[in-house]
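K.L.:
Fit chain B to the known structure of chain A by using the hints.
Protein chains: 2
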Amino acid sequence: MTPKGFLFSTVEAAIKAPGRKDLALIYSKKEAYIAGTFTTNKIKAAPVKLNIKQIRSGKGQALVVNSGNANACTGKKGIQDAVETAKLVSNGLDIKSSLVYVCSTGVIGTPMPMERVRPKISELTGNLGRSTIQDVAKAIMTTDTFPKIVMKKVKIGSKTGTIAGICKGAGMICPDMATMLCFIMTDSAVEQKTLDKTLSDAVNKTFNTITVDGDRSTNDTVLIMANGMAGNPPITEKSKSYATFKNALYNVMFDLAKLIVKDGEGATKFIEIEIRGARSEADAKKAAFSVANSNLVKTALYGNDANWGRIMTALGYSGIMVKEEKVEIILSGLKIVQKGMGTGKDREANEKLKNREITIIVNLHLGKSSAKVLTCDLTEEYIRVNATYRT
Amino acid sequence: MTPKGFLFSTVEAAIKAPGRKDLALIYSKKEAYIAGTFTTNKIKAAPVKLNIKQIRSGKGQALVVNSGNANACTGKKGIQDAVETAKLVSNGLDIKSSLVYVCSTGVIGTPMPMERVRPKISELTGNLGRSTIQDVAKAIMTTDTFPKIVMKKVKIGSKTGTIAGICKGAGMICPDMATMLCFIMTDSAVEQKTLDKTLSDAVNKTFNTITVDGDRSTNDTVLIMANGMAGNPPITEKSKSYATFKNALYNVMFDLAKLIVKDGEGATKFIEIEIRGARSEADAKKAAFSVANSNLVKTALYGNDANWGRIMTALGYSGIMVKEEKVEIILSGLKIVQKGMGTGKDREANEKLKNREITIIVNLHLGKSSAKVLTCDLTEEYIRVNATYRT
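Line order of the protein sequences matches chains A and B.
For what it's worth, the numbering used here labels the leading residue of the first sequence as 804, then goes sequentially.
For what it's worth, the numbering used here labels the leading residue of the second sequence as 804, then goes sequentially.
If you are wondering where the hints come from, they were derived from the structure by calculation, not from laboratory data.
Since we're looking at a predicted model, the values are computed, not measured.
Mixed in with the good hints there might be a few duds.
For identical chains, the list gives no copy identity; a pair is met inside one copy or between any two copies.
[Stated by the list, open to error] Derived lysine to any residue pairs resembling SDA-like cross-links, with alpha carbons at most 25 angstroms apart: (1) 833 x 1127; (2) 845 x 1083; (3) 1008 x 1122; (4) 1049 x 929; (5) 1000 x 1151.
Excised from the complex, chain A in its bound form (with noise of 0.2 angstroms):
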């Protein structure tokens, strides 16, 4: 069951191409208070630039998403074409446009082919009601080859709600953020300034653990609505309950989050990178990320081939203070590098790297801070994937 008061519409706008539907409504019956992190790239989407802004404001109804195009780089008329689609969709819903959030995820470059999208917008806020959470799922996919959906229930005092999260994003993914979209939606009632607070804890120890390929997108986006129809007293900070609804909120993210990199574009295994004795925690994420972000690590990891030479390699390189004498490398379990030099293990390693999921710890012994980062081998796939996208 989806949080109260929440309803879903799609349509087929055949923004890119014909057959498949690309355009999503989300409406809450109530008016939201409604929280967002968004890309770091300074190259941001014209939607991204709109929310940005509006978001001020704490509150929202509707967020409407296409698929197959990015809306970015297409300037004024972007922006332009943004702002129609937030205002026909208001008048629609009968709401106010500063209401409407918009998202787009796609192509770059590619103006908005409004004549296609402008006669759909009716029929979007005209069906609402008749698409599940699972259309809107898969509405919002690019090259995302399964819909990506978490729910989970939260207990606030006597009142039960939910938090329904849905997400898209399999390539152009690193932090911070991802070429991501993530819509959460809850019927728990949250004061806005905390819901703020706690989206932007959550987003840094999930979406910004993840990394598909290094790139971040123009367009990344996470937003949460929060309705309270669930009828709980508002969470603030300071409830006994905040730390259940956190920790909820978390889940969710979190195991959406991991849903992206088992779709990483042409992925075959999943990776948890863990570093370990690190001086500091911001050397330890930076660590994991050029262990994970390393083509020839993420290539070796495909070729079942435990060279963890190349982490060693990848740590050296990663900017941080190593010490190789001191390293030691555990992969799936299994010690293969103690004190910087090979136990020989190599070849019980290469089996376990058969696994769909691995893990690989990484323990620097120079200090007590540490970071992981989820990860996705690199595959001759994720080429064909990429060298054919536009095509």
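P.N.:
For chain B alone, kept in the frame of chain A given last:
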């Protein structure tokens, strides 16, 4: 003709696999001035550690190089093995051990098979003069598909000298520096400090501007020996002929650097990326490498897809100041982006991409600094080469 007084030798020591020459010797009849630059990776191979110490003397006479094993992450034994190799070579040549430099390239983390290397050294020193510079260039190859040799004449006063350079490297290529060994020999007389400075300046402008996959290895080394046998008065920075020598050395190294990129693992295209109009040279370099190391840019170029949105994206996350509305992108002479937006020439641009050599010029229109980086595309073959490297 190779520079006067340099002799070569190669033997098969079956270091990784039998059937090819994998141990090479470069020897100068006269003690030479030597200068070198080494990897900035915190994890350095054993021979690199030794060379860094030894080169303080500024003198050298022999380089012994093996392929198939990097002698990196091999602990104390690795150091002992490199020392022993130098010792055996110095005995065979009857020169001081401190004049022998050892270099290794190949798999990381496997101890050197000294039981196979040791007995081959007397053959190596004994055969001096029976191999050519081509043989050496072949013996140091790993995933390289062709040997890399560049020679230039340099006239200093009345004396014509020669600069000959060989190098290897195809993957794990990024500054500062590449998985790369480069050995340069000249018979021109050059004062040691001048040799030092000229080399490191040239490395910055050549090998430090190339990238294949963003990885930087543990073994990168550039060494130059100048034995003075051309008979010119030793060149200093104040010599009238300094510019001549400097340019010749730069040209040798730039041509070698280009050969490495052209031989990039699996590469089908040679790509020159120039950032103009940046606020500083550092900014320009950062942006150039951000574009050059983007898997998404590299796969698009491979797929003949002028997907300039990915270039914009890579500029946007490069960490430098970018103003979307000012960006201009020229792809192989064709303006595809103006004021941050597409010019509608993507189809024409796709045609341009079918050439093997591609130039991308980005003008940020924010300042007067520029930087150039050389790279290649990313293909399925890169994945295959690197997924199976140790098998």
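K.L.:
Would you mind marking each hint as holding or not holding in the structure?
P.N.:
Hints and how they fare:
Proximity of residue 833 and residue 1127 under a CA criterion of 25 angstroms is satisfied in neither setting, with 58 angstroms inside one chain copy and 37 angstroms between copies. Taking the shortest alpha-carbon separations for residue 845 and residue 1083, only the inter-copy value of 17 angstroms comes in at or below 25 angstroms, while the best intra-copy value is 27 angstroms. Both within a single protomer and between protomers do residue 1008 and residue 1122 lie at most 25 angstroms apart by alpha-carbon distance, with minima of 22 angstroms and 22 angstroms respectively. For the identical chains of this complex, residue 1049 and residue 929 are neighbours neither inside a copy (35 angstroms) nor across copies (74 angstroms), given an alpha-carbon limit of 25 angstroms.
Taking the shortest alpha-carbon separations for residue 1000 and residue 1151, neither the intra-copy value of 45 angstroms nor the inter-copy value of 48 angstroms comes in at or below 25 angstroms.
Hints 1, 4, 5, counting from the list given before, are not met by this structure.
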